[in-house]
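**Student:** These are the residues of each chain, in order.
2 protein chains.
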Amino acid sequence: MKEINYLLGYKNLKIVQDKEMFKFSLDSILLPNFATINKRYKNILDIGTGNAPILLVLSTKTKANLVGVEIQEESYNLAYESVKMNNLDNQITLINSDIKDYARGDITEYYDSILCNPPYFPYLTSSEVNKNDLKTLARHEKSLTLEDIMKISRKLLKNNGNLAFVHRPDRLVDIITLMRANNIEPKRIQFVYPKEGKDANILLVEGTKNGAPGIKILEPLYVYDNNGEYTNKIKKYFE
Amino acid sequence: MKEINYLLGYKNLKIVQDKEMFKFSLDSILLPNFATINKRYKNILDIGTGNAPILLVLSTKTKANLVGVEIQEESYNLAYESVKMNNLDNQITLINSDIKDYARGDITEYYDSILCNPPYFPYLTSSEVNKNDLKTLARHEKSLTLEDIMKISRKLLKNNGNLAFVHRPDRLVDIITLMRANNIEPKRIQFVYPKEGKDANILLVEGTKNGAPGIKILEPLYVYDNNGEYTNKIKKYFE
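So the protein sequences, as listed, match chains A and B. At position 4 of the first sequence (counting the first as 1) the number is 3 in numbering that gives the first Met the number 0, and the numbers step up by one without a gap. At position 179 of the second sequence (counting the first as 1) the number is 178 in numbering that gives the first Met the number 0, and the numbers step up by one without a gap.
Warning: the hint list may mix true and false statements.
Note: identical chains are not told apart, hence a pair may lie in one copy or across any two.
[As the list claims (entries may be wrong)] Straight-line alpha carbon distances no greater than 35 Å define the calculated DSBU-like cross-link-like pairs of lysine-lysine that follow: (1) Lys-13 - Lys-99; (2) Lys-62 - Lys-197; (3) Lys-197 - Lys-157; (4) Lys-197 - Lys-41; (5) Lys-83 - Lys-197; (6) Lys-41 - Lys-1; (7) Lys-83 - Lys-232; (8) Lys-197 - Lys-232; (9) Lys-60 - Lys-215.
What the hints contain is simulated information worked out from the structure, not anything from laboratory work. Owing to the predicted nature of the structure, the values given are computational and were not obtained by experimental measurement.
Please put together the full structure from these sequences, using the hints given.
**Tutor:** Below, the structure is given as structure tokens:
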């Protein structure tokens with residue numbers, strides 16, 4: 000069953016969602032707010048667009064051409080409806096394809112920035128695989144490994160272009176190792192904590208193609224305050 | 000000129016320091032408070048002991064044998080005086096040696112835990128080298144590189160033993176990459192921030208020899224509150 004929601008606090012943006020599918024999450028709001036958005040950027044790619052929450056938020060922050068590649072036809076269709084509904088057809092291009100096929104083409108060193116909210120759990124055991132296939136694809140590294148993302152980004156990014164993504168902190172070592180191994184030097188990290196006194200549960204990381212070594216750890220971001228309300232910093236992302 | 004100070008808030012511990020030398024810093028207090036200290040630990044090593052602040056703090060937390068290796072004779076002498084003065088000769092053994100020579104010996108898989116507050120700046124340009132040689136040795140990777148520390152730790156640690164150290168966050172990628180490359184899997188990280196709204200300026204990291212992948216990012220630690228006073232968490236370390 001489809002439903003139309005406002006994209007959290009982005010009051011002028013609507014998003015089409017399917018109750019049975021993997022909905023947009025806080026991650027999709029955090030990532031485009033974390034990523035470096037330079038005024039000179041011409042082309043930005045979102046890998047694994049889903050129903051396009053990241054592209055919708057990006058449209059409020061940049062005039063660059065926004066491209067989203069999504070493998071699942073159902074998600075692509077929802078994204079398409081959202082883009083139409085928000086009159087963003089001129090800025091956002093959606094492609095219903097496996098990103099691996101898209102990247103195999105002639106396209107190379109084209110993007111100023113790539114964003115990705117990738118599948119989270121290593122595709123290891125059948126017990127971990129959700130029975131709903133759409134959710135499985137969205138959540139697991141079944142169709143796209145971390146290494147795939149690095150290799151694709153390396154090909155598609157301009158020199159000094161940025162790859163930003165959101166992941167679970169427990170994969171920090173894998174991510175950082177793979178980024179450097181693919182000449183995407185990690186430059187900025189922000190950890191997100193559910194509230195004070197807890198371990199981080201979201202990792203935001205950005206690397207620069209052929210960047211020099213040296214990384215900044217930004218101030219921590221708390222999602223909830225001690226009253227269970229969104230903190231002011233999170234509220235700001237919704238305004 | 001020598002002076003005797005109380006080891007910050009550790010009111011029963013005194014430490015001998017030389018005004019011309021590299022004094023103990025907050026790092027030396029943070030590290031032994033961050034490191035895992037298990038009751039079953041029998042032997043703990045501190046690489047680059049200096050005037051022994053880390054060993055003195057550790058003596059309040061564990062009954063294990065504590066060994067400190069320090070290359071500089073002047074620092075070793077100060078450490079020796081401090082250990083004597085605090086009547087810790089039975090628990091703390093000091094060795095005036097290059098850790099590389101110490102590790103070349105028969106000793107292997109002996110330590111449950113290794114702590115290290117290593118030299119901070121890569122030894123690159125002559126302009127970076129402080130004219131005071133003692134400070135130079137203590138601050139620069141002149142005599143001991145990060146890779147040296149990893150290789151030495153790998154040899155000296157028991158299986159599943161821990162290496163904890165304190166460093167600058169901008170070296171995060173180097174550190175994590177080198178740890179994994181030497182079979183010391185990073186398992187816990189804590190970032191220390193000077194105060195709210197600033198980037199992290201201290202990195203605490205612990206890895207386990209032959210540990211399984213997967214890392215925890217502990218809650219952030221702020222040194223100062225908005226009034227410029229130590230935060231309660233930092234004050235707790237001094238009690």
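**Student:** Any hints from earlier that this structure breaks? Give me their numbers in increasing order, please.
**Tutor:** 5
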